[in-house]
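Visitor: Here is how the chains run, residue by residue.
2 protein chains.
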Amino acid sequence: MNADYKRYLELVEMHMVDILPDVDSKSLTLYESMKYSLVAGGKRLRPCLVMAACEFAGGNIQTALPYACAIEYVHTYSLIHDDLPCMDDDDYRRGRLTNHKVYGEDMATLAGDGLLTTAFEAMTKDMFLHFDNEKELKKRIRAMYDIAKGAGCSGMLAGQVADVENEGKPGSPEMLDYIHINKTAAMIIAALRAGAHIGGADDKVLADLTSYGEDLGLAFQIVDDILDIVGDAKELGKETGMDEKRGKLTYPSIYGLDASYKRVDELTEHALSVMAPYYDNAEFFNDLVQELASRTK
Amino acid sequence: MNADYKRYLELVEMHMVDILPDVDSKSLTLYESMKYSLVAGGKRLRPCLVMAACEFAGGNIQTALPYACAIEYVHTYSLIHDDLPCMDDDDYRRGRLTNHKVYGEDMATLAGDGLLTTAFEAMTKDMFLHFDNEKELKKRIRAMYDIAKGAGCSGMLAGQVADVENEGKPGSPEMLDYIHINKTAAMIIAALRAGAHIGGADDKVLADLTSYGEDLGLAFQIVDDILDIVGDAKELGKETGMDEKRGKLTYPSIYGLDASYKRVDELTEHALSVMAPYYDNAEFFNDLVQELASRTK
Numbered sequence: 053m054n055a056d057y058k059r060y061l062e063l064v065e066m067h068m069v070d071i072l073p074d075v076d077s078k079s080l081t082l083y084e085s086m087k088y089s090l091v092a093g094g095k096r097l098r099p100c101l102v103m104a105a106c107e108f109a110g111g112n113i114q115t116a117l118p119y120a121c122a123i124e125y126v127h128t129y130s131l132i133h134d135d136l137p138c139m140d141d142d143d144y145r146r147g148r149l150t151n152h153k154v155y156g157e158d159m160a161t162l163a164g165d166g167l168l169t170t171a172f173e174a175m176t177k178d179m180f181l182h183f184d185n186e187k188e189l190k191k192r193i194r195a196m197y198d199i200a201k202g203a204g205c206s207g208m209l210a211g212q213v214a215d216v217e218n219e220g221k222p223g224s225p226e227m228l229d230y231i232h233i234n235k236t237a238a239m240i241i242a243a244l245r246a247g248a249h250i251g252g253a254d255d256k257v258l259a260d261l262t263s264y265g266e267d268l269g270l271a272f273q274i275v276d277d278i279l280d281i282v283g284d285a286k287e288l289g290k291e292t293g294m295d296e297k298r299g300k301l302t303y304p305s306i307y308g309l310d311a312s313y314k315r316v317d318e319l320t321e322h323a324l325s326v327m328a329p330y331y332d333n334a335e336f337f338n339d340l341v342q343e344l345a346s347r348t349k
Numbered sequence: 053m054n055a056d057y058k059r060y061l062e063l064v065e066m067h068m069v070d071i072l073p074d075v076d077s078k079s080l081t082l083y084e085s086m087k088y089s090l091v092a093g094g095k096r097l098r099p100c101l102v103m104a105a106c107e108f109a110g111g112n113i114q115t116a117l118p119y120a121c122a123i124e125y126v127h128t129y130s131l132i133h134d135d136l137p138c139m140d141d142d143d144y145r146r147g148r149l150t151n152h153k154v155y156g157e158d159m160a161t162l163a164g165d166g167l168l169t170t171a172f173e174a175m176t177k178d179m180f181l182h183f184d185n186e187k188e189l190k191k192r193i194r195a196m197y198d199i200a201k202g203a204g205c206s207g208m209l210a211g212q213v214a215d216v217e218n219e220g221k222p223g224s225p226e227m228l229d230y231i232h233i234n235k236t237a238a239m240i241i242a243a244l245r246a247g248a249h250i251g252g253a254d255d256k257v258l259a260d261l262t263s264y265g266e267d268l269g270l271a272f273q274i275v276d277d278i279l280d281i282v283g284d285a286k287e288l289g290k291e292t293g294m295d296e297k298r299g300k301l302t303y304p305s306i307y308g309l310d311a312s313y314k315r316v317d318e319l320t321e322h323a324l325s326v327m328a329p330y331y332d333n334a335e336f337f338n339d340l341v342q343e344l345a346s347r348t349k
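So the protein sequences, as listed, match chains A and B.
When the count follows my numbering, it moves up by one through the first sequence with no breaks and lands on 349 for the last residue.
When the count follows my numbering, it moves up by one through the second sequence with no breaks and lands on 349 for the last residue.
Don't take each hint at face value.
Identical chains share a label here; the pair holds if one copy fits it or two copies do between them.
What the hints assert, rightly or not - Below, a list of computed lysine to any residue pairs in the SDA-like style, where the Cα atoms sit at most 25 Å apart:
| no. | residue 1 | residue 2 |
| --- | --- | --- |
| 1 | Lys300 | Val75 |
| 2 | Lys153 | Arg347 |
| 3 | Lys78 | Ser263 |
| 4 | Lys177 | Gly252 |
| 5 | Lys153 | Pro137 |
| 6 | Lys290 | Pro304 |
| 7 | Lys300 | Asn54 |
| 8 | Lys95 | Gly110 |
| 9 | Lys78 | Gly223 |
| 10 | Lys177 | Val257 |
| 11 | Lys187 | Ala174 |
| 12 | Lys177 | Glu188 |
| 13 | Lys87 | Ile281 |
| 14 | Lys221 | Leu149 |
| 15 | Lys221 | Ala328 |
| 16 | Lys78 | Asp276 |
| 17 | Lys256 | Tyr331 |
| 18 | Lys87 | Glu217 |
| 19 | Lys314 | Asp254 |
| 20 | Lys187 | Glu296 |
| 21 | Lys153 | Arg298 |
| 22 | Lys87 | Met139 |
| 23 | Lys153 | Leu131 |
| 24 | Lys78 | Ser224 |
| 25 | Lys290 | Glu186 |
| 26 | Lys58 | Asp260 |
| 27 | Lys95 | Glu84 |
| 28 | Lys190 | Leu72 |
| 29 | Lys256 | Thr292 |
| 30 | Lys187 | Asn54 |
Honestly, the hints are just simulated from the structure, not real lab data.
Isolated chain A, as found in the complex (with noise of 0.2 Å):
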C-alpha cells in the first residue's frame, strides 16, 4: 500500500466515529447498528480519495476529514440497504454478518437512514466551524452537493435501480455502461471532487481528477466483477459466483474475461495518462489505479 494512502488511512480510522450523534441511552441500538457497520472496515477507498483529492489541490487533510468520514456513511448505508433480504439478500461482507442478521431488518434499514441523514447533518455542522469565512463556506457547499449529487438520483441511486431491474435480464453494453458509471464511479467522482474543493482546487485540477475517477470507478467495478468469477471467498470476504447466480448485468458477462482483463488496462492507462503532467505529485494516484488493475492478476 502507498504511504499516502496509509496515512490517510489512520486519520480516516481514527475519526471514523467522530461525527457520529451523540449517544442517548434510548436509542442506544441505532448507535451500534450503524457503529457495527461502520468499523466493519474495508479500504476506505472513497474517504481516502477526499484526502487524496484535498492535498493534492493544496489543502490541509484535517480540513478534508468530516468530508471523508461523511462520504463513508454514505457509502456504507448504501451497503447495508443493499445486503437487505428485499435487495440482495447477503449474509456476509468483508467476512462478517450483515447487519440485518445482527439487528435485524427493521434497525438495518433505520441504521442505513442514519448513516446517510448523519452524513449531511455532520457536513452541515462542519460548515459553522467555517461560517465566518465566506471563501471556505463555498468551498464546503460545493464538496456537498458533490457529494449529494454522487449518491442520489441521478448517481448512485440511479445505478442501483438499473442494476436491480436489469437483474436476469439480456444486458446491452449501454445499459451496463449506465449501471457502471452510476452505481460505483459517482461516488468515488464525488469523493475526488468534495476533497478537491475543500483543497481549494481550481478547475483543470477539478476537471482532471473528475476523468481520472471516471477511469477509477470504471475499472474498480470491472475488477470487482472478475473477481467474482475467479476471486478467493476467503480472501474476498464474501461469497463469489454471486453475479451470475443472480444474473447481474456485468463486464464479463457482455463481453467475457479476457475483454474485462483488456478493458481494466485501457483505463488504467487512461487513468495515467490524465494525471502524467502532475509527474510526481500524483503518486498516490497512479499508484491507486496500478495496485487495483494488479488485484486480478
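Chain A is already provided as a structure; the job is to place chain B on it using the hints.
Guide: For chain B alone, kept in the frame of chain A given last:
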C-alpha cells in the same frame, strides 16, 4: 381550513415535484415510485409550517419553497420506510396502496433513500442561487442543519428506533415522551425553525416558534393516537386500532382516553399562550393548533 394554510398548500402542491431530479429513462421506476408517494397528498403540515414560519418572520415565502418541499420529501421517505414489511407492514396509506405494495420492497427502500438524498441535494442546490449573498447563504445553512438534525439520530430516527423497540413492552411515561418528542415533534419543530431561518427570524421569534412547535408536535401525536382508537378508518384513509394490535406505546395506552383529551387541551392552551403576544399575526398558528384539537371532538 385557515386561508393562509390554503395559500401555502396551493404553492407547496404546485411545486412539490419541482425538486425531483431530471428523469432518466433507465431509472424511471425510481422517479415514479418517489413521485407516487409524494403526490399522495396528505395535509402537507410540515411544508406549510415552513412557509408559515418564513412569512411570520417577515420573509418571502417563495424563497422557502425548496426547504418546504425538502422537508416533505424527508417526511415521505420516513413514511415509505415505516410502511415496509420489516417495519409496520402497512398495506394502505392515505387510502392508497403503500409504496412497496405497488413497486416492491426493493424499489420502496430505494425510493425512500432517493427522497432523503434528493431533499439534501435540492437544499444544497438552492444555496448556489444565493452564493453571492453571504447573509442569505447562512440562513439556508441554518435551515438545512435544523432539518438534518430533526430527521437524524437525535431526532426523528431516535424516536423511530425507540418506537420499534418498545412495541409490546410495558411503557414508562418517560419513554413515551421520548418517542413523541423525537418521532413527531422533532420534524415539526425543524419545519418551523427552517422557515423562520429563511424568513430571517430573530432569536425571540425562533424560540417562540420552537416552543409552539413542541406543543403542536406533541398534541399532533396524541390526536393521532386518539383517532387510532375512536376515529373512522374511511375518513382517516388507514386502518384503525393498529396501535393496540401492535402493542405500541401511546398516550392513551398509558394514561387512558380521558387524560389524552385533557392533555391535548393543555398543549393547545400552552401553544396559544406562547403565540399570544403576536396577536393577529399568529392567526395561522392559533387556528392550526385549535383545528387539530377539534379533530378528536
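Visitor: Hint by hint, note whether the structure agrees.
Guide: Going through the hints against the structure:
1. In this assembly of identical chains, the alpha carbons of Lys300 and Val75 lie at most 25 Å apart only when taken from different copies (24 Å versus 39 Å within one copy).
2. In this assembly of identical chains, the alpha carbons of Lys153 and Arg347 never lie at most 25 Å apart, being 29 Å within a copy and 42 Å across copies at closest.
3. In this assembly of identical chains, the alpha carbons of Lys78 and Ser263 lie at most 25 Å apart only when taken from different copies (23 Å versus 46 Å within one copy).
4. For the homomeric pair Lys177 and Gly252, the shortest alpha-carbon distances inside one copy (20 Å) and between copies (19 Å) are both at most 25 Å.
5. Within a single copy, Lys153 and Pro137 get their C-alpha atoms as close as 10 Å, and across copies as close as 16 Å, so both meet the 25 Å cut-off.
6. In this assembly of identical chains, the alpha carbons of Lys290 and Pro304 lie at most 25 Å apart only when taken from the same copy (19 Å versus 48 Å across copies).
7. For the homomeric pair Lys300 and Asn54, neither the shortest alpha-carbon distance inside one copy (33 Å) nor that between copies (53 Å) is at most 25 Å.
8. For the identical chains of this complex, Lys95 and Gly110 are intra-copy neighbours only, at 24 Å inside a copy versus 50 Å across copies, given an alpha-carbon limit of 25 Å.
9. Only between protomers do Lys78 and Gly223 lie at most 25 Å apart by alpha-carbon distance; the minimum there is 12 Å, versus 47 Å within a single protomer.
10. Taking CA atoms no more than 25 Å apart as the test, Lys177 paired with Val257 passes between copies only; the shortest distance there is 22 Å, against 27 Å inside one copy.
11. Both within a single protomer and between protomers do Lys187 and Ala174 lie at most 25 Å apart by alpha-carbon distance, with minima of 19 Å and 21 Å respectively.
12. Taking the shortest Cα distances, Lys177 and Glu188 sit within 25 Å of each other both inside one copy (14 Å) and across copies (17 Å).
13. For a Cα distance limit of 25 Å, the shortest separation of Lys87 from Ile281 qualifies neither inside one copy, at 31 Å, nor across copies, at 38 Å.
14. Proximity of Lys221 to Leu149 under the C-alpha cut-off of 25 Å is found in neither arrangement, the shortest distances being 29 Å within a copy and 28 Å between copies.
15. With identical chains, the CA atoms of Lys221 and Ala328 are never at most 25 Å apart, being 40 Å at best within one copy and 63 Å at best between copies.
16. Taking the shortest alpha-carbon separations for Lys78 and Asp276, only the inter-copy value of 23 Å comes in at or below 25 Å, while the best intra-copy value is 40 Å.
17. Taking CA atoms no more than 25 Å apart as the test, Lys256 paired with Tyr331 passes inside one copy only; the shortest distance there is 15 Å, against 57 Å between copies.
18. For the homomeric pair Lys87 and Glu217, the shortest alpha-carbon distance between copies (18 Å) is at most 25 Å, but the shortest distance inside one copy (30 Å) is not.
19. In this homomeric assembly, Lys314 and Asp254 never come within 25 Å of each other (Cα to Cα): the closest approach is 33 Å inside a single copy and 62 Å across copies.
20. Taking identical chains as interchangeable, the C-alpha atoms of Lys187 and Glu296 are never at most 25 Å apart, the minima being 49 Å within one chain and 54 Å between chains.
21. For the homomeric pair Lys153 and Arg298, the shortest alpha-carbon distances inside one copy (20 Å) and between copies (23 Å) are both at most 25 Å.
22. Taking identical chains as interchangeable, the C-alpha atoms of Lys87 and Met139 lie at most 25 Å apart whether they share a chain (21 Å) or sit on different chains (21 Å).
23. Proximity of Lys153 and Leu131 under a CA criterion of 25 Å is satisfied in both settings, with 13 Å inside one chain copy and 24 Å between copies.
24. For the identical chains of this complex, Lys78 and Ser224 are inter-copy neighbours only, at 12 Å across copies versus 49 Å inside a copy, given an alpha-carbon limit of 25 Å.
25. Taking the shortest Cα distances, Lys290 and Glu186 never come within 25 Å of each other, neither inside one copy (46 Å) nor across copies (49 Å).
26. In the homo-oligomer, the alpha carbons of Lys58 and Asp260 lie at most 25 Å apart inside one protomer (23 Å), although the nearest pairing across protomers, at 50 Å, exceeds that limit.
27. Taking the shortest Cα distances, Lys95 and Glu84 sit within 25 Å of each other inside one copy (21 Å), while across copies they are farther apart (35 Å).
28. Taking the shortest Cα distances, Lys190 and Leu72 sit within 25 Å of each other both inside one copy (24 Å) and across copies (24 Å).
29. With identical chains, the CA atoms of Lys256 and Thr292 are never at most 25 Å apart, being 40 Å at best within one copy and 60 Å at best between copies.
30. With identical chains, the CA atoms of Lys187 and Asn54 are never at most 25 Å apart, being 32 Å at best within one copy and 43 Å at best between copies.
Hint compliance for this structure: hints 2, 7, 13, 14, 15, 19, 20, 25, 29 and 30 are broken, all remaining hints hold.
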